[in-house]
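K.L.:
Protein chains in written order, with numbering that gives the first Met the number 0: chain D, 0 to 241; chain P, 0 to 157.
Mimicking DSSO-like on lysine-lysine, the simulated pairs with C-alpha atoms at most 30 Å apart in a straight line are:
1. P:Lys26 / D:Lys59
2. D:Lys59 / P:Lys52
3. P:Lys26 / P:Lys52
4. P:Lys52 / P:Lys138
5. P:Lys128 / P:Lys138
6. P:Lys58 / P:Lys128
7. D:Lys59 / P:Lys58
Interface residues of chain P toward chain D, partial, derived using beta-carbon atoms under 10 Å:
8. Arg2
9. Phe12
10. Pro56
11. Glu107
If you're looking for bench data, these hints aren't it; they were derived computationally from the structure.
A virtual CB, placed ideally from N, CA and C, is assigned to each residue, including glycine.
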Amino acid sequence: MGSATRFMGLVLLRSSASLRRFHLTIDELHFAGVLSLIIIIVSGLFVGLVLGLQGYETLKRYGSAEAVGTLVALALVRELGPVVAALLFASRAGSAMTAELGIMKSTEQLSAMEMMAVDPFARVISPMFWGGFLSMPLLAAIFSVMGIFGGYLITVVIIGVDSGAFWSQMQSSVDLRNDIINGVIKSVVFGAAVTAIALFEGYDAPPTAEGVSHAVTRTVVTSALAVLALDFVLTAFMFTGV
Amino acid sequence: MQRTTLDLWVGIFVTAGVAALFVLALKVGNASSVNMSDSYRVIAEFDNIGGLKARAPVKSAGVVVGRVENISLDTRNFRANVALRIDKRYPFPRDSSASILTAGLLGEQYVGMDGGGDEQNLKDGDRLKITQSAIVLEKVIGQFLYGKAAETSTGKKE
Chain D
0 MGSATRFMGL VLLRSSASLR RFHLTIDELH FAGVLSLIII IVSGLFVGLV
50 LGLQGYETLK RYGSAEAVGT LVALALVREL GPVVAALLFA SRAGSAMTAE
100 LGIMKSTEQL SAMEMMAVDP FARVISPMFW GGFLSMPLLA AIFSVMGIFG
150 GYLITVVIIG VDSGAFWSQM QSSVDLRNDI INGVIKSVVF GAAVTAIALF
200 EGYDAPPTAE GVSHAVTRTV VTSALAVLAL DFVLTAFMFT GV
Chain P
0 MQRTTLDLWV GIFVTAGVAA LFVLALKVGN ASSVNMSDSY RVIAEFDNIG
50 GLKARAPVKS AGVVVGRVEN ISLDTRNFRA NVALRIDKRY PFPRDSSASI
100 LTAGLLGEQY VGMDGGGDEQ NLKDGDRLKI TQSAIVLEKV IGQFLYGKAA
150 ETSTGKKE
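Use the sequences and the hints to build the structure in full.
P.N.:
Okay, here's the thing in structure tokens:
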């Protein structure tokens, strides 16, 4: 825990040097963000389709099938968008970050950089952190929008719920500050947590093939647990006692 | 990958993400009703607000004209003080009345405003005196049963 804190301190401390060479961060944004787009878009769409279908089947019994828009939007914006996007992000980008850092360490590339007086934190680790940190909220927002689009597709286009009621019920119950801003805050927190865990596990990995593979496993497991636990804590703060 | 194509993809990604945030804010959430800078605040006193909550809509003839800002209890007369924030575009006469209504059978409760006939309009900080409380189902049933009981007892006397 102590070394993890020191590690994060170093990452943040050296980030000014790395942000000055912003193209490094852009490379990482491409790696963590753009290459995760496909999985985020496709899974967001399918989560929305399933939510719409299940919500419709249940709400139909109470004669309020129009409320399915509210259900889909609230579920996605508050919970599923940030959480599922963070889980996918951890397994898609976080694991790759850990593997990359772990192999760089085991093949002594990090030590070589230090020998050449290139700071590996400023050159490699900080850009990775900022790339992950910046792309996570954007991915979560894209996930939510795709999910809502999926819900719209299944309920309005295929089943035939009234489109006006779908949108207006959604708009009257989703609040900008309470729901959307809180969802964005969640995704920012998850992005920071997942990226920090991935980088630390990679940096801390024993420099063997087995060590790297264990570190990748630990990244995915720890970030999944951290995301779910943080989600509970944040939800308890945000959505109770309003 | 080439530098320029990579930059292009990152640009597309960031634009798509920011656009998604905007869609969430504008299409899904109702950002327009949150920033009511041009509004005035009136306080309505109710005997019973039922299940009314802060941020519930204030409607007049079905049109949303404002939101419930907050709700508090006045301990001097044990009436609920409901602060309403109403859009400046909709001035109401001073003797307007407010009532708590329910949207649909199981829907949310909202405040309905009915315009009066006064020459002067409501100003910031005014109090609405003419109000109609929420219908509490238990009370209605209680009154109904009481009325029935009274009916049968008077019926026996005759």
